Structures are given as C-alpha cells and as structure tokens.
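From first to last, the protein sequence lines stand for chains A and B.
Going letter by letter, the first sequence gives residues 10 to 177 in the numbering used here.
Going letter by letter, the second sequence gives residues 10 to 177 in the numbering used here.
Read the hints as simulated data drawn from the structure, not as lab findings.
Take the hints with a grain of salt, since some may be wrong.
Any copy, or any two copies together, can satisfy a pair, since identical chains are not distinguished.
[Claimed, not checked] Computed cross-link-like contacts, SDA-like style, restricted to lysine to any residue with a CA-CA straight-line distance of at most 20 Å:
(1) 137 x 110
(2) 87 x 12
(3) 60 x 45
(4) 87 x 122
Computed from a predicted model, the values in this text were never measured in an experiment.
There are 2 protein chains.
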Amino acid sequence: MGTPLPRDPIADARLNWERHGWSDVAAPMAAITAIMRTQQILLGRIEAVLKPFGLTFARYELLALLSFARSGALPMNKASALLQVHPTSVTNAVDRLQDAGLVIRSPHPTDGRTTLIELTSDGRALAKRATAVLNSEVFGQSGFGDQDVDQLIRILGTFRRNAGDFSG
Amino acid sequence: MGTPLPRDPIADARLNWERHGWSDVAAPMAAITAIMRTQQILLGRIEAVLKPFGLTFARYELLALLSFARSGALPMNKASALLQVHPTSVTNAVDRLQDAGLVIRSPHPTDGRTTLIELTSDGRALAKRATAVLNSEVFGQSGFGDQDVDQLIRILGTFRRNAGDFSG
DNA sequence: TCCAAACCCTTGGATGTCCTAGTATATTGC
DNA sequence: GCAATATACTAGGACATCCAAGGGTTTGGA
Numbered sequence: 010m011g012t013p014l015p016r017d018p019i020a021d022a023r024l025n026w027e028r029h030g031w032s033d034v035a036a037p038m039a040a041i042t043a044i045m046r047t048q049q050i051l052l053g054r055i056e057a058v059l060k061p062f063g064l065t066f067a068r069y070e071l072l073a074l075l076s077f078a079r080s081g082a083l084p085m086n087k088a089s090a091l092l093q094v095h096p097t098s099v100t101n102a103v104d105r106l107q108d109a110g111l112v113i114r115s116p117h118p119t120d121g122r123t124t125l126i127e128l129t130s131d132g133r134a135l136a137k138r139a140t141a142v143l144n145s146e147v148f149g150q151s152g153f154g155d156q157d158v159d160q161l162i163r164i165l166g167t168f169r170r171n172a173g174d175f176s177g
Numbered sequence: 010m011g012t013p014l015p016r017d018p019i020a021d022a023r024l025n026w027e028r029h030g031w032s033d034v035a036a037p038m039a040a041i042t043a044i045m046r047t048q049q050i051l052l053g054r055i056e057a058v059l060k061p062f063g064l065t066f067a068r069y070e071l072l073a074l075l076s077f078a079r080s081g082a083l084p085m086n087k088a089s090a091l092l093q094v095h096p097t098s099v100t101n102a103v104d105r106l107q108d109a110g111l112v113i114r115s116p117h118p119t120d121g122r123t124t125l126i127e128l129t130s131d132g133r134a135l136a137k138r139a140t141a142v143l144n145s146e147v148f149g150q151s152g153f154g155d156q157d158v159d160q161l162i163r164i165l166g167t168f169r170r171n172a173g174d175f176s177g
C-alpha cells in the first residue's frame, strides 16, 4: 500500500452501483466493503505488532482466551465456539502454539473425546507481554473517536446478535 | 455456526480487559474485535452466494472492477492498487479466472513490463449475474439500518483516510 | 550512450480459514 | 446390553493473503 490513492475506491464503487441502477443497495454495499477493508487494515497493524513475539492474531486470540480462563485451560471445542472459528482452525493454532511451547494438550479427565488446551507459564508470560504492546500500539491508537467507538460497538453488536452470534 | 452463544464473547472480552486494569483501551478493543467478527460473518454470506457461480469474493471483486472499466481491461498493478491487495494476490486470482475463461492476459501496448487483464464476454456476463444475486441476497439484506449504514460509511471512511488508503 | 535504480509480474514458501471425510469416544434408545 | 446416533478432534485439500526473491523492461542520471 504505497501511496494513497487520489480517490476513495469504495466511494467510486458506490457511484458505479448508482450509475448502474442499483441505488437501493449502493449504500449498504459501500458500508460492507468498507468493513472488509477496515478489517484488512486493522489485521495488518495487529500482525505487525505480534510478529516480534512470533505470534499471529489467530494464535494470540487463543492465548488471550486461555489466559482469561481461571484454570488456564479450555476444551478445544469450547475455544472454537468462543473464538467463533472452525474447529480445524483451532487444531492448527494449537499445533503451532504447542510447537512453540506456549500451550500443551492434555486429556479431559472425564470425556475421552475431549482435549484440553492448557497454557504453559511461557505461554502466560508471552500473552501478557503481547497484550501490553497491542494495547498501547493498536487499541490505544485505533484512530476512532470515542463516540465512534461507541457507535461501532452498538451497530456491530446489533448486527452480530441478529446474525445469530449470541442470544444475550 | 451452531447454536448462538448465551453471552456476547466480545462484551465478555471487554469486561476482562476492564478487570485487568486496561479500561482505557477496552472499548476500542471491543470495537476492533467486533469489526473482525463482522467481516467474518459478511464474508461467509458473500462466499456462500458466489459459490454457485464458481467464484470467490477475491475473484468477484476483480471481475466487478474490470466490468466497470470502460475498456473492460486494466493493468495488473492498477487492479492491485484499486483492490488494495498484494500484487501476488492479483496474480493468483487472474490465474484462476483465466483458467475459467473469464479473463485473458494481454501484453500492454507500450510498456513491456505491464500485463493487461481483459474481461471476456463470459466474464462480463458472469459478473452481471453474480452482482444481481449479491445485491438481492447480501447487500439488500445487510441487517444494518439506513442510519447505521450512513454511520458506518462515515466512521470507516474517516478511518481509512487516516490510515492512508486515499487522500481525496 | 550506458549502467544502475525503479518498476512489474511470477514463483515458492508460510499462515490461516473452511470443508469433507475418517477415527475414536459418549450417549441414547430399544 | 448393544446398536444407532451424536460429539470431538484430526488429516487432507482448496483458496486467499502476505513476504522474499528472481528475471525482464524502462527510466534517468553520469
């Protein structure tokens, strides 16, 4: 992403939609496209911050989730549900975190089908350090105004509930 | 995704952040996480709609971009800049679209370094059909209220400009 | 003129996501 | 108690994204 474009490509796409007679959906198209692009930008920032720790966002999310669990351990299926990703994605992340010595797999005490993911002390320490940098470098400099943050949380929260993410 | 979770995992994460003394960045953390999740949901809907056409979102975006170019052709580097993805991603998408007979590569008339991507008539027709379904099935049923759509476009537009996406 | 720097595209490698089985373990129902 | 169904995890494959490197083409300054 070298030089900024002279024009906003999403605004241009919206104009194209309107010119082709799709005015009724041009605005939501622009909003959705903007969400996709914003996610891409934010993910880039996050991954850049995590790279020195040898972490990706997917692995960090799992580490952070475990660090908030009282016991520091969670069943794989629970992690999959909470992170809202496919079970195979969790398998993938655990494989790599385990190779790095940040988590270990252990059998569930009563259910032979289930595998527990457990944070090692290294894993806990790394999660803490990575979170500190993420907080200061990304979340603390999001570029969103306080009011806009509230709006985003409200709008996207409603969307996610309607999409069936949660019922609360 | 199976059953909705009983609680909003992002709201829970925000509470965890506050409990750990990171209240100052808890809200932006929640907003950013919500953007990531919303993107995931929307991408899932879009890919589901495009699948019957043999398209992915990345390929559709390229097809749509070409269909709006007067000549139906664009240099690869221009497409990369407008779609805001890495050049190798465009190479990948063009490879597959070309295999499907939807675009062809042609040499640039004056610059030997540049390759033009050109829409075939099949490609143009498919883009049209896919856009129609995307408009009715996704953009027309986004789940965002009209006011919220405007808010998203404003908030994310400001963010993208500040992030250096465009200067206009 | 000529060569170094800049630019364009592709190849190869690493990650992540999802989907479709396939294997192992639990639970249910008869 | 045993068979049928459901659940949990993993293996393999398809795609997409990025980065690093390499080979060809242009451009621009010495």
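Original post:
Quick one: residue 60 to residue 45, C-alpha cut-off 20 Å, is that within a copy, between copies, both, or neither?
Top reply: between (22 Å within a copy, 19 Å between copies)
**OP:** Classify it for me, residue 87 with residue 12: is the Cα-Cα distance of at most 20 Å met within a copy, between copies, both or neither?
**Re:** Result: close only across copies, 12 Å inter versus 43 Å intra.
Original post:
Is it within, between, both, or neither for residue 87 and residue 122, if the alpha carbons may be no more than 20 Å apart?
Top reply: Close inside one copy (13 Å), not across copies (51 Å); limit 20 Å.
Original post:
Under a CA distance limit of 20 Å, which applies to residue 137 and residue 110: within one copy, between copies, both, or neither?
Top reply: within (15 Å within a copy, 51 Å between copies)
Hint check: no violations occur; every hint is consistent with the structure.
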